[in-house]
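Line order of the protein sequences matches chains A and V. Okay, so the first sequence: first residue is 1 according to full-length UniProt numbering, each after it adds one. Okay, so the second sequence: first residue is 1 according to full-length UniProt numbering, each after it adds one.
Calculated from the structure, these hints are not laboratory results. Careful, some of the hints might be misleading.
[Stated by the list, open to error] Within a straight-line C-alpha distance of at most 20 Å, the following computed EDC-like cross-link-like pairs (lysine to aspartate or glutamate) qualify: (1) A:Lys317 with A:Asp99; (2) A:Lys243 with V:Asp144; (3) A:Lys168 with A:Asp225; (4) A:Lys404 with V:Asp77; (5) V:Lys200 with V:Glu110; (6) A:Lys404 with A:Glu379; (7) A:Lys317 with A:Asp51; (8) A:Lys361 with A:Glu159; (9) A:Lys203 with A:Glu379; (10) A:Lys152 with A:Asp279; (11) A:Lys89 with V:Asp61; (12) A:Lys307 with V:Asp61; (13) A:Lys317 with A:Glu98; (14) V:Lys64 with A:Glu376; (15) A:Lys114 with A:Asp320; (16) A:Lys106 with A:Asp325; (17) A:Lys255 with A:Asp279; (18) A:Lys275 with A:Asp347; (19) V:Lys64 with A:Asp93; (20) A:Lys393 with V:Glu167; (21) A:Lys218 with A:Glu399; (22) A:Lys393 with A:Asp213; (23) A:Lys255 with V:Asp144; (24) A:Lys109 with A:Asp325; (25) A:Lys89 with V:Asp56; (26) A:Lys317 with A:Asp48; (27) A:Lys53 with A:Asp33.
[What the hints assert, rightly or not] Facing chain A, a subset of chain V residues (Cβ under 7 Å, in silico): (28) Asp61; (29) His163; (30) Pro255.
Fair warning: this is a prediction, and the values are worked out from it, not measured in the lab. Backbone N, C-alpha and C fix where the C-beta goes; we use that ideal spot for every residue, glycine too.
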Amino acid sequence: MKKLHKLTVLLLTAALPQASAQTLELWNDKAADWGNSYTKVAAAAKSDGIDFKQVRYPDTTSYQAALRTAISARRPPDAFTWWSGYRMKALVDSGQLEDLTPIWNKYIKSGEYKADAAKPFTFGGKIYGVPNNVAYWVVYYNKAVYAKVGIKPPTTWAELMSNNDKLKAAGITPFVQTVDGRWQAFIWFEQFLANSDPAAYNKLMVGQLKYTDAPVKKVFATWADWIQKGYLTDPTISSDSSKPGAMQRQFAQGKVANILNGDWLTPQLTAVGLKANTDFGVFIMPSMTPATPPALIAESSPIVIPKASANKAAALKLADYWMSDKSQTLWTNLQSFSPVNLKSKSDSALTQNLIGQLKAKNYTLLNRIWEATPTEIIEPGVDEFAKFMLNPKTADAVEANLQKLADTYWSTHK
Amino acid sequence: MREAAPKLVTIHPPQRSTTPWSERIQPYLYVVPAALLVVVFMLYPMVSTVIQSFTDSNGLDAAKFVGLQNYINFFTDPNSLNSFKNTLLWVVGAVTLPVGLGFCFALLLERLPGAALFKSSVFLPYTISGTVAAILFGYVLDSDNGFLNVLLRSVGLSGLTHHWLFEAPQNTWSMIAAYTWQATGTNLMVFLIGLQGLPKEPLEAAKIDGASGWTYTRRMLIPMLSPFITINVLMAAINGFKAFDLIWVMTQGGPARSSETLAVTMYRQSFVLFQQGYGAAIAVIISLIALVFSYGYLRNTFRREAS
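Just chain A, same shape as in the assembly (with noise of 0.2 Å):
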């Protein structure tokens, strides 16, 4: 029976699309304007003798099984993108990825990248990704909102109140949140948890706190309060800004005056009609309290080469180079990302703007939740969040909910 399911993992995979010697293939299921971006990439790589094409998934679902199908039958793509923390370990554990640290060493040696960047990519010792990209999970706010209500962006959590209570008394919902996609039902409570005690969230990713414990209670009383207050919409609100009252619209229209969200919402926000840094600007949420340290919430999705690469000297050049400031340069202003290399220079008044603010303050990176804990807790925790959002009044049994995932898990994994 075993060699039969061998054989058919093979047959299978030889429909697999594969690398050729000369051409490296980076499997990636990103959405299409990633993908032409990594195509202009790849044509400006050729100049330098890096040969790569992209070979894109557009559902993220069949993109993993794809990937694990190939994996398995030990015929993986060259390079491939990925998710961080978590959901990174279980391809480091399954021994698939090669170790990239003598890369790494190389730049943080230079000055181009700072050790800390590697954090989300580092599992005992040895780091296995380059950052494909790193997002800030930042508030966007409407400009001309802000100034008809006369407020500016907080520099303090009293000052976000303020400004939450004088647009909710013009008429305009302060916050989105929403449980349109699942996943999004995770962004209010990292981001409470954030701001309140982030040694708190770093010790709830791990499984040395627990959901039933009084800094999460805490995120849950806030979190009501602020849907109590009307400071956030109706969770129902959508997040495909195909629709019409799409939450990228509504920001538009000014009935809603922030988002929070990672920086990779620019090119949606500008796609609704709106002009960055003109008609809307970035701000990093407070901290609740002067005492709590500054904390910012980063998602960190690195790019990957399999140990079982047909073309891994190829492969690994490929990583190197992805890494050079000439490739983050271009990579990060066809994105619209803000570039990780420290050489690299963002042409977006926008993202110049977030970098300056970043510098102003010593703030802790967060890896967001949906990497920097396990997926088997965090994957049905968003529908325990999205369950409080729906109704307040079950935070109890949220919470309890949540320690019962967490609790499964650490019995097993320690």
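Given the coordinates of chain A, assemble chain V onto it according to the supplied hints.
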């Protein structure tokens, strides 16, 4: 008249065939491609799924045998009960609405002159994919600016507007309504074919005897159409058990797993959480339940063929 004496049959000992081996194997060769397809694409995946359901397979590492653990996990998870309840709602909805409406439309259209246009308009939704229907109804049932809520507001019925896809169990019923829009056509066609094939004599005799309206339908049409009703009901029940594409596109089983069915739970476990052993166990459970319904359907079909 004298009965003919039974013929005596002489049994000869088996003789060695003189047909060459190459000719004798010929009939088998004709069926080999079809048999291979069945083995590779149906039997092997079936057996493989059953075996996988007893393992902790994650599609990456070597799978370990875990006995009945996946089945125990399924039957002790409170979310399974919710999935099961929603699946039952789907079965009930898929049977009563598309089949019931299909039957009513068939009775009405059979008597109406120039009903071809109506028949086509009811049948057309069946020709589009479930995914497209789901996207379309996503716009219709959107909370803010969906067609349904806008329509209700414009006719002064704002009190009837809802978050159609966000509140349970009406999110499941909303999706069943979308399914009904799509599936009624095929039921209608089966009933129309049935009605056209009914023998005229007993029906006319019943009319002469004074049967009409509901009595005529209940006493004559329903019993005579029973094979077609059975087929539609059983197929609808099986489709209800399999319901997936509409749900995955419209709600992904949410919010908070409130619209999840067994098929969605299976997909989530297998391809979102990559607990493929657990997913396989749910697939086996769904198959066993569908098998009970299929048995009824197949028995009915074989009986008719035999008669």
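For the pair we were handed, Lys53 of chain A and Asp33 of chain A, check the Cα-Cα distance against 20 Å. Holds: Lys53 of chain A and Asp33 of chain A sit about 15 Å apart, inside 20 Å.
For the pair supplied as a hint, Lys393 of chain A and Glu167 of chain V, is the alpha-carbon distance within the 20 Å limit? holds (16 Å)
Next pair to validate is Lys404 of chain A with Glu379 of chain A; report whether the Cα-Cα distance is within 20 Å. This hinted pair holds, its Cα atoms lying about 13 Å apart.
Taken at face value, is the distance from the CA of Asp77 of chain V to the CA of Lys404 of chain A at most 20 Å? holds (12 Å)
Assess, step by step, whether the Cα of Lys64 of chain V is no farther than 20 Å from the Cα of Asp93 of chain A, and give holds or violated. holds (16 Å)
Pair hint outcome, Lys218 of chain A versus Glu399 of chain A [Cα-Cα no greater than 20 Å]: holds (11 Å)
CA of Lys64 of chain V to CA of Glu376 of chain A, is that 20 Å or under? Holds, at roughly 19 Å.
Straight-line Cα separation of Lys317 of chain A and Asp48 of chain A no greater than 20 Å? Holds, because 10 Å separates the two Cα atoms, which is no more than 20 Å.
Is the hinted pair Lys275 of chain A and Asp347 of chain A satisfied, with a Cα-Cα distance of at most 20 Å? holds (15 Å)
Would you check the hint for Lys307 of chain A and Asp61 of chain V, treating anything up to 20 Å between C-alpha atoms as holding? holds (15 Å)
Holds or violated: Lys109 of chain A with Asp325 of chain A, Cα cutoff 20 Å? holds (14 Å)
Agreement of Lys361 of chain A and Glu159 of chain A with the hint, judged by alpha carbon distance not exceeding 20 Å: Status holds; Cα separation ~18 Å.
Every hint from the earlier list agrees with this structure, and none is contradicted.
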